[in-house]
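S.K.: Single-letter residue listing:
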Amino acid sequence: MLLIGLVAAGGASAAVSTVANAEPAGTAPRAQQLTVEDGQELFRANCASCHGLNAEGTENGTSLIGVGAASVDFQVMTGRMPMAYSGPQAEQRDPMFTQEQSDAMGAWVASLAPGPEVPSEELLDVSQVDEEGVARGAELFRINCAMCHNVAGAGGALTEGKWAPHLRDIDPAHVYEAMLTGPQNMPVFNDANISPEQKREILAYLDYLDENPSVGGFDLGSLGPVSEGLFIWIFGLGGLVAVSVWLTSKPN
Amino acid sequence: MTSTATRDTFTSRASNYLDERTSMSTLVATLGRKVFPDHWSFMLGEVILYSFVAILLSGTFLTFFFEPSMTEVHYEGSYVPLKGIAMSAAYASSLDISFDIRGGLLMRQVHHWAALLFVAAIGLHMLRVFFTGAFRKPREINWVIGFVLFILAMAEGFTGYSLPDDLLSGNGLAIINGMVKGIPIVGTWISYLFFGGLFPGVDIVPRLFVLHIMLLPALVIALIGVHLVLMVINKHTQFAGPGKTNDNVVGAPIMPLFAAKAGSFFFIVFGVLVLIASTFTINPIWNYGPYDPSPVSAGTQPDWYIGFADGALRLAPGLESELWGMTLSWNILIPMAVLGIFIVLVMFYPFIEQWITGDKREHHIAERPRNNPTRTAIGSAGIVFYAVLWAAASSDLIATHFRLNVFQVTWWLQATLILGPVIAYFLTKRIAIGLQKKDREILLHGYESGRILRLPGGEYVEVHEPLDEYESWRLKSFDTYEPVMVRPNAKGRITPGTHLRAAMTRWFFEDRISPVTRGELEAAKHDGH
Amino acid sequence: MSAEDHAGHEQQQVAVYDRGAAIEQSDAFENPGLPPHRPRQTDLHPEKERRAERQVVGWFLVSMLGTVLAIVAYVAVPIVEGDMTSVRLSNLFLGLAIALALLGIGIGGMHWARQLMSSHEVVEERHPSRGSEKSRARAVEIFQLGDQESGFTRRSLIRNTLIGAIALVPLPAIVLFRDLAPAQDAVEAISNTMWRQGTRLALDPTGTPIRAADVTIGSAFHVIPEDLKDLDHDGGYLDQKALASVLLVRVPLDRLNEQPDRAGWSYDGIVAYSKICTHVGCPVALYEQQTHHLLCPCHQSTFDVTDHAKVIFGPAKRPLPQLPITVDDEGYLIAQSDFTEPIGPSYFERLHHIDEGHIPLSAAETENRA
Numbered sequence: 001m002l003l004i005g006l007v008a009a010g011g012a013s014a015a016v017s018t019v020a021n022a023e024p025a026g027t028a029p030r031a032q033q034l035t036v037e038d039g040q041e042l043f044r045a046n047c048a049s050c051h052g053l054n055a056e057g058t059e060n061g062t063s064l065i066g067v068g069a070a071s072v073d074f075q076v077m078t079g080r081m082p083m084a085y086s087g088p089q090a091e092q093r094d095p096m097f098t099q100e101q102s103d104a105m106g107a108w109v110a111s112l113a114p115g116p117e118v119p120s121e122e123l124l125d126v127s128q129v130d131e132e133g134v135a136r137g138a139e140l141f142r143i144n145c146a147m148c149h150n151v152a153g154a155g156g157a158l159t160e161g162k163w164a165p166h167l168r169d170i171d172p173a174h175v176y177e178a179m180l181t182g183p184q185n186m187p188v189f190n191d192a193n194i195s196p197e198q199k200r201e202i203l204a205y206l207d208y209l210d211e212n213p214s215v216g217g218f219d220l221g222s223l224g225p226v227s228e229g230l231f232i233w234i235f236g237l238g239g240l241v242a243v244s245v246w247l248t249s250k251p252n
Numbered sequence: 001m002t003s004t005a006t007r008d009t010f011t012s013r014a015s016n017y018l019d020e021r022t023s024m025s026t027l028v029a030t031l032g033r034k035v036f037p038d039h040w041s042f043m044l045g046e047v048i049l050y051s052f053v054a055i056l057l058s059g060t061f062l063t064f065f066f067e068p069s070m071t072e073v074h075y076e077g078s079y080v081p082l083k084g085i086a087m088s089a090a091y092a093s094s095l096d097i098s099f100d101i102r103g104g105l106l107m108r109q110v111h112h113w114a115a116l117l118f119v120a121a122i123g124l125h126m127l128r129v130f131f132t133g134a135f136r137k138p139r140e141i142n143w144v145i146g147f148v149l150f151i152l153a154m155a156e157g158f159t160g161y162s163l164p165d166d167l168l169s170g171n172g173l174a175i176i177n178g179m180v181k182g183i184p185i186v187g188t189w190i191s192y193l194f195f196g197g198l199f200p201g202v203d204i205v206p207r208l209f210v211l212h213i214m215l216l217p218a219l220v221i222a223l224i225g226v227h228l229v230l231m232v233i234n235k236h237t238q239f240a241g242p243g244k245t246n247d248n249v250v251g252a253p254i255m256p257l258f259a260a261k262a263g264s265f266f267f268i269v270f271g272v273l274v275l276i277a278s279t280f281t282i283n284p285i286w287n288y289g290p291y292d293p294s295p296v297s298a299g300t301q302p303d304w305y306i307g308f309a310d311g312a313l314r315l316a317p318g319l320e321s322e323l324w325g326m327t328l329s330w331n332i333l334i335p336m337a338v339l340g341i342f343i344v345l346v347m348f349y350p351f352i353e354q355w356i357t358g359d360k361r362e363h364h365i366a367e368r369p370r371n372n373p374t375r376t377a378i379g380s381a382g383i384v385f386y387a388v389l390w391a392a393a394s395s396d397l398i399a400t401h402f403r404l405n406v407f408q409v410t411w412w413l414q415a416t417l418i419l420g421p422v423i424a425y426f427l428t429k430r431i432a433i434g435l436q437k438k439d440r441e442i443l444l445h446g447y448e449s450g451r452i453l454r455l456p457g458g459e460y461v462e463v464h465e466p467l468d469e470y471e472s473w474r475l476k477s478f479d480t481y482e483p484v485m486v487r488p489n490a491k492g493r494i495t496p497g498t499h500l501r502a503a504m505t506r507w508f509f510e511d512r513i514s515p516v517t518r519g520e521l522e523a524a525k526h527d528g529h
Numbered sequence: 001m002s003a004e005d006h007a008g009h010e011q012q013q014v015a016v017y018d019r020g021a022a023i024e025q026s027d028a029f030e031n032p033g034l035p036p037h038r039p040r041q042t043d044l045h046p047e048k049e050r051r052a053e054r055q056v057v058g059w060f061l062v063s064m065l066g067t068v069l070a071i072v073a074y075v076a077v078p079i080v081e082g083d084m085t086s087v088r089l090s091n092l093f094l095g096l097a098i099a100l101a102l103l104g105i106g107i108g109g110m111h112w113a114r115q116l117m118s119s120h121e122v123v124e125e126r127h128p129s130r131g132s133e134k135s136r137a138r139a140v141e142i143f144q145l146g147d148q149e150s151g152f153t154r155r156s157l158i159r160n161t162l163i164g165a166i167a168l169v170p171l172p173a174i175v176l177f178r179d180l181a182p183a184q185d186a187v188e189a190i191s192n193t194m195w196r197q198g199t200r201l202a203l204d205p206t207g208t209p210i211r212a213a214d215v216t217i218g219s220a221f222h223v224i225p226e227d228l229k230d231l232d233h234d235g236g237y238l239d240q241k242a243l244a245s246v247l248l249v250r251v252p253l254d255r256l257n258e259q260p261d262r263a264g265w266s267y268d269g270i271v272a273y274s275k276i277c278t279h280v281g282c283p284v285a286l287y288e289q290q291t292h293h294l295l296c297p298c299h300q301s302t303f304d305v306t307d308h309a310k311v312i313f314g315p316a317k318r319p320l321p322q323l324p325i326t327v328d329d330e331g332y333l334i335a336q337s338d339f340t341e342p343i344g345p346s347y348f349e350r351l352h353h354i355d356e357g358h359i360p361l362s363a364a365e366t367e368n369r370a
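Residue numbers (UniProt numbering), protein chains in the order written: chain C, 1 to 252; chain W, 1 to 529; chain B, 1 to 370.
By construction, these hints were calculated from the structure, which means they are not laboratory data. Keep in mind that a hint or two might mislead.
[What the hints assert, rightly or not] When the alpha-carbon atoms are kept at most 25 Å apart in a straight line, the in silico PhoX-like pairs for lysine-lysine are as follows: (1) W:K437 / W:K525; (2) W:K429 / W:K137; (3) C:K250 / B:K48; (4) B:K134 / W:K137.
One chain only, chain C, in its complex shape (with noise of 0.2 Å):
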């Protein structure tokens, strides 16, 4: 196990040192000024070491053989490829590549064998979606989605020390390519079970809960009745026993 971090932490300490090295900010080139080759070759410096030269997997990466590009530009762009260190599952953070080199790299995992797409943009226009339509994904939202991720987006727990990220504020490309690829241990919800239409209701459910103010005042981080009681317990009869103290003392 530890021999499997070390390599892994190698890995992406030797990828964080090659995209330095290839890419000096600012000066990226455009989409399409980088091909498919382009991409082979990064992922090569970059995803090998665990994913293999022909992405066909080792010990310590799965195969990516048919994961599509929107299965790369989902890993790559939330940070979560490549992987920090070897724990329970992938850490999000900020992306070690650009869009352009994540697309590169998608385009040659896609060239291997087909697999689910980054979504285009009229799936992800939320402003299509009418006031039924989000409600409808609020449903599907419920019934899908929030027993790992909660009603309200904020996260949860699963087996193992493995646990369902929050939802809030994600680039909905991210959402909907978990929902095509199912990253990790989260299912896959094909376009058989979820529509691209019910997806995209769904995504317009999140921008509703991002777009609107927690109704009540300041929302304790949505966990629902246990933040709501450790508050009363520490605020409210917290600061009541203050008062009672003070109340109580003699003054000068």
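Following the hints, put chains W and B in place on chain C, whose structure we already have.
M.R.: Using the frame of chain C, we list chains W and B on its own:
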């Protein structure tokens, strides 16, 4: 009195009018200058009472708008993510209270925050009474009444939590349904009758509503009345202090000082609740959606005061037996039994302790916790036990927030549930005895004044100053007990009960520390300096 | 409180109680009595008293201002339908103003009490909680008179039949509660679900039937019987959903560890399990597609889908019941029958409702805990 009565003011005429019809003056004469001792911890009961008043006021407002019905409606209110969704009338009306009635959300939040504060203040008040021995004769019955109020408050809380018929409360009811079904022989039928058929059915909300707004509040109000009347009859306890004895009460008279403080405190408690309700959201039911048996949210938890029961379910071993065609769900029965025993022990603790001490005198001086180390240690063991169960109800949040494995968190909590109270017991007892020893030390040799003297021989000493007699009285006046001997009773027999009682008194009082006596103080003065 | 103990005592006598294990201290100190009264600054300095007075008045004025602001906020910050920000602002300003009105009274009153009202401590004597000897004797006498005049003890047959009658009279209340629920037998009602042979598996909540080909590896489908959507709430939609909810996943065949006699219950690696936890009945809906674990978010019971949903962690004991499935000739997934055992939490009579077609899991393997 006569002079004011003769002067012909409006007040005097009104008082006269009332007195001639109600003999109010007798009541005022008896209670008007009744004395209440002053200590911050004596205000906790008032927090309970005032948050209850806030609950009653805000709750009444809510009943004007709430529709306790599970009839299906399609939401047409102003919250977009629920438009057109099928839900019960109860949930729809709760949403309307929140979004379409000015002040409705405020009242909902006041009501819920006040409920959480109500139960929390009950908990702290009970701890104060326990640790100061204020449950001793003549207040044992009032302890039991208070404890029943605590249970009723939890029942009020749970029935209220279930009324909006949202996903969170529905899952709470699903858990209750599962627990009830685990009761042997009658469980299936109790659940069936309770829900009016299959779970969730269409009857449970109106039934809980009647319990929540009529039966339970009536019981709570009646018992609060009895609780307060008994408090007036027994008079309040007070801490030991100069001039304070077991036969008097020293403090503020009701008219005017105590009434002014208590009245002002009501406005402060209510004001703080409204302040919290206007700035912090509680139970955003619109996030949860209407109840549906299929979805569930991560972080599904009950309100804090039911947490210990939920935690017990989480920590329970996964055991069930199937014997002669019967199913016994130990994973439900064991936690229920453990909680039942815990509740019964707490409720009857005053009687247990009195049987051990055999002390039938009235006690009106609140003990300092250190002066009864064994009781204090039992109390903190109980707190740890309760706290572990409570923490277990949020094991998943502990895991996500501290990046731990939820399975390991559960194992840790299981171990702590057994070991924690034992450790807390011994630690507390040692600390209490240590504090008593320090009190003795201060009395016999004075407190450390911080003044350093250099003696002619070059030696440095810190000057110890004696306490004045008022200060020292607090430290040296307390009851002390000794273990009883096993002696034959009137019939010349030694019963097992006698042995048990002797053993219990040894457990309680073996390593007691006696209060300082005059002789000891004299001796200390002579050999000390 | 018995009459014999105290009947002979005089009314003024003070009761002496047993000390029990308490030690009588012979050499104890005397209570020094109340310490001398310490005057406050407001008692000593008239200007401070006047200042305190102004402060109290100030707080009461603040309260009045709060009341006015609350009314202003009610009118001036209206709720605009559908605008959540307006609801938030209405709640915030209305609440803050009311809080100000209340706290103004509270703080002002408290200031008045602490700084200006007499701070002399008052001593009140306590009396034993028990009544005086005279009233105790009178109480005993009254009870004796009552007994004599009614013949309660003497006419023992009357007394005993009365006690019997009163003891029996609540019994009708027990039968009265029977009609809280329908006439159907409780155990029968909760033991069966809507699933029948040939019922199509459909998506929750739309009711769209599911083709086997659509269930790709790694997906999780939340499933209801296709005919559930024909019910409305008053017709038992939620009740039946609470019984019939199913989670459908496809496990790679090399990961699926099926008991041979249950092999016919799955279809090409697609397995369907009841979503209702066997502990206390929460929906067990958290599916991890790599470990194939199912986690209950309420009490963390964890089930292994590759291994007939056996319990690997938590307070649940029994595996989740499996719904036998197959496909119809159009390729849609259908149920072979109802669940073969009752779903959800265990109950006392559960074993009487296991179908003949039920294939139990071999006893030694019903759980495989972490």
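S.K.: Evaluate each hint against the coordinates.
M.R.: Against the structure, the hints:
| no. | hint | result |
| --- | --- | --- |
| 1 | W:K437 / W:K525 | 18 Å, holds |
| 2 | W:K429 / W:K137 | 24 Å, holds |
| 3 | C:K250 / B:K48 | 16 Å, holds |
| 4 | B:K134 / W:K137 | 22 Å, holds |
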